[in-house]
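Put together the whole structure using the sequences plus the hints.
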Amino acid sequence: MSQVHRHNVYNWQLGRDMDYTHDAPRPDRQVAWVFDTNKCIACQTCTVACKQTWTWGSGQEYMLWNNVETKPYGFFPTGWDVHLLEMLGPGPWENGEYKGKTVFEAASLKEDVKGWQPESEHWTYPNLGEDEPAGLAEQGSYSGEFPHDTWFFYLARICNHCTYPACLSACPRDAIYKRPEDGIVLVDQERCRGYQECTSACPYKKVMFNNTTGTSEKCIACFPKIEQGLQPQCVTTCIGRIRIAGFINPPDVVDERNPIDFLVKVRKVALPLYPQSGTEPNVYYVPPIHTPREYTRQMFGPGVDEAIENYMNAKDDPELLGLMMLLGSTERIMHTFEVENDIARGFDADGEEIVAVPLREPTFIREYFDDVHDTYLHNIT
Amino acid sequence: MTENGNQETRQDQQANEPSRVSRRAFTRGAAAAAAVAGAAAAGAIGWTATREPEAHDPYSVSRTINAHRVGAVPHDPLDGAWDAHEPVVIPLMPQHVANPRLQHEDGFTERMWIRSLHDGNEVAFQLGWECDAAHDIEAISRFTDSVAVQFPVDPEMPTSAMMGQPGRPVHILQWRASWQREVEEGARQVRDAFPNVWSDLRPEDVFDEDAVTVYYPARHVGNIAAGQDRTSAVEEIISEGFGSITTHEQQRAEGSASFQDGQWTVVMTVPIQGSATQATFRPGERSLVAVALWDGGKGDRGARKQWGGWMRLELES
Ligand code: SF4
Ligand code: SF4
Chain H
1 MSQVHRHNVY NWQLGRDMDY THDAPRPDRQ VAWVFDTNKC IACQTCTVAC KQTWTWGSGQ
61 EYMLWNNVET KPYGFFPTGW DVHLLEMLGP GPWENGEYKG KTVFEAASLK EDVKGWQPES
121 EHWTYPNLGE DEPAGLAEQG SYSGEFPHDT WFFYLARICN HCTYPACLSA CPRDAIYKRP
181 EDGIVLVDQE RCRGYQECTS ACPYKKVMFN NTTGTSEKCI ACFPKIEQGL QPQCVTTCIG
241 RIRIAGFINP PDVVDERNPI DFLVKVRKVA LPLYPQSGTE PNVYYVPPIH TPREYTRQMF
301 GPGVDEAIEN YMNAKDDPEL LGLMMLLGST ERIMHTFEVE NDIARGFDAD GEEIVAVPLR
361 EPTFIREYFD DVHDTYLHNI T
Chain W
1001 MTENGNQETR QDQQANEPSR VSRRAFTRGA AAAAAVAGAA AAGAIGWTAT REPEAHDPYS
1061 VSRTINAHRV GAVPHDPLDG AWDAHEPVVI PLMPQHVANP RLQHEDGFTE RMWIRSLHDG
1121 NEVAFQLGWE CDAAHDIEAI SRFTDSVAVQ FPVDPEMPTS AMMGQPGRPV HILQWRASWQ
1181 REVEEGARQV RDAFPNVWSD LRPEDVFDED AVTVYYPARH VGNIAAGQDR TSAVEEIISE
1241 GFGSITTHEQ QRAEGSASFQ DGQWTVVMTV PIQGSATQAT FRPGERSLVA VALWDGGKGD
1301 RGARKQWGGW MRLELES
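Those sequence lines, one after another, are chains H and W. Sequence positions in the first sequence follow the numbering used here and run 1 to 381. Sequence positions in the second sequence follow the numbering used here and run 1001 to 1317.
Wrong hints could be hidden among the right ones.
Stated by the list, open to error - In silico contact screen, one side only, chain W against chain H (beta carbon under 10 Å); selected entries:
#1 Arg1111
#2 Cys1131
#3 Ala1134
#4 Glu1138
#5 Thr1246
Said to hold, decoys possible - Pairs of lysine to any residue residues, derived as SDA-like cross-links and limited to a Cα-Cα distance of at most 20 Å, are as follows:
#6 H:Lys99 <-> H:Asp17
#7 H:Lys51 <-> W:Val1197
#8 H:Lys110 <-> W:Val1206
#9 H:Lys110 <-> W:Gly1107
#10 H:Lys51 <-> W:Thr1109
#11 H:Lys51 <-> W:Arg1202
#12 H:Lys110 <-> W:His1104
#13 H:Lys51 <-> W:Gly1107
#14 H:Lys110 <-> W:Ser1199
#15 H:Lys110 <-> W:Gly1299
#16 H:Lys110 <-> W:Thr1109
#17 H:Lys51 <-> W:His1104
#18 H:Lys110 <-> W:Gln1103
#19 H:Lys51 <-> W:Asp1205
#20 H:Lys110 <-> W:Met1162
#21 H:Lys51 <-> W:Val1212
#22 H:Lys51 <-> W:His1096
#23 H:Lys110 <-> W:Leu1092
#24 H:Lys51 <-> W:Val1206
Everything labelled a hint here was simulated from the structure, so no lab data went into it. All residues carry an ideal CB built from backbone N, CA and C; glycine is no exception.
Right, here's the structure in full:
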């Protein structure tokens, strides 16, 4: 409704209070993800796993609740983040506090959220800019130092199940809700009327219109799996083992044994995507180490330098290394982890061990000549 | 909440808590609290009218729509019977009260016209307006032309012309061009909007009908907007204020339309006998009617609409 009904909420990613359309208490638990951009190979296994599971009906042809785009020239839908940055305008950070405007604060008096409505053309090129680098690779050039002169990286994206969802704010029908038990944001398919206000409002463009049912649909965080203590499809199928899903504690609670808290709040290697949107997104990214810092900071905020420094130190940080080894090692949701004697272990909600991995896989060196069979064994793994 | 017979009474929407928090459900818990009681409750439990009705008498309005008595109401929008009566021209305003508001840079639809007839069993409304083209496909960023008429459920309990207010519901008949197309040409298909779309395998290619519906969740839960076998282009709705419109459990209204020379002519008909939650039209007694209009070509939908205030409605005895 109109501006007079604004509420003051705390957004820890902005380091300040902000205006929001609802008095939005944090859910009892908040599902959250960490994606390590440095390990993604853009195989799109996650994309296909999601599509095969949820969006192969007619009307959903173009829908990719999970997509992986190449930055800087890839976007799905086309130009989504360029539009976002343009709408918000320049917004400086001072001592960890965002001084610019969020999508809620930048809204005109005639709407609750500053947004833009993608046309069908914008949803037509999911592979735009794929593997397209920024900068020219000169003959004989060598990228021995960071940042690289010629670079690109892969950005895997799902709905962020935001703490302050813009999609929810914009729905005049109250058809979008955030579950108190896990913070998953869903579109009520009974109440939705297909107004597409949410598709216009979501800064990440992760609500999509179903052309057959005439309603809007979005990533459901594989809630039937989450409810059984399992990680979503895009996490468990990830070839690069770049992903982990779990529960993040509220900003004032830090549990060092919680894998998400550890990566986001203790080692601070994982950062929100475009925190300046103001929605407090709950997918956290280990930023790419080789891209120009200005670009990376614009995308992941002022924590980029510290994140990269700590991440680069992982080889001397057994806890961080151990946790990174646990990514992709179990289908179950890890509530806590520990690293002891070069073994990293993950535990479920009851504290039962669900997985254990060595920090370093043992190495065996085999003679290249096999005396028994009188043959060479090289190139055999 | 929609097809299963329950009507949301949206008790959370009372005047002592006017903020959007109370009106809108942030969590499912609140949504469930909002979705209480059944259709029968509309006139009974839980409808506390804490807000005072508008100070002025809504019947003091200058415009009156006379529903003339005829032998049988015409369902055809171009039936000659309509021409026997002068249409009433209604000036429209952009919806500028609730967000999101109508905000066209190139102007809005400033007027439409209305005629009404009844035959003692049914009342019919003929509505016309100018539109640059017929927009009858809903797809990504494409919206449908639409028109609605609204009545207080109880004519002696006047309510807000902006879709009613808590405890004072309105009964709405909404016609959509896209639904008209579906009635005439069959269920909505992706190819209506994207003629060259192709998919190798859809759920219906491998599963039987029952198993398929879960892949179309809005259909699976009975959302009328996702309907497959549409028989009417008009939806009967009950509303108690912004954001509260809910499909009525009983769908009786019918519609037909013609688009010619840049002009829509739409007819909506409904039985004059209503129910506890549907308007009853009594010949010789007064009631009110208001209209709303959406130009799909300009992206109108939901709250982005033009509307007209209450007018008197009188059915000839
Ligand atoms: S499956 Fe993993 S590695 Fe492959 S594209 Fe997806 S996120 Fe990247
Ligand atoms: S990413 Fe978009 S769709 Fe997902 S919760 Fe946030 S605002 Fe809503």
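Query - Contradicted hints - numbers only - result: 1, 2, 3, 8, 10, 13, 14, 17, 22
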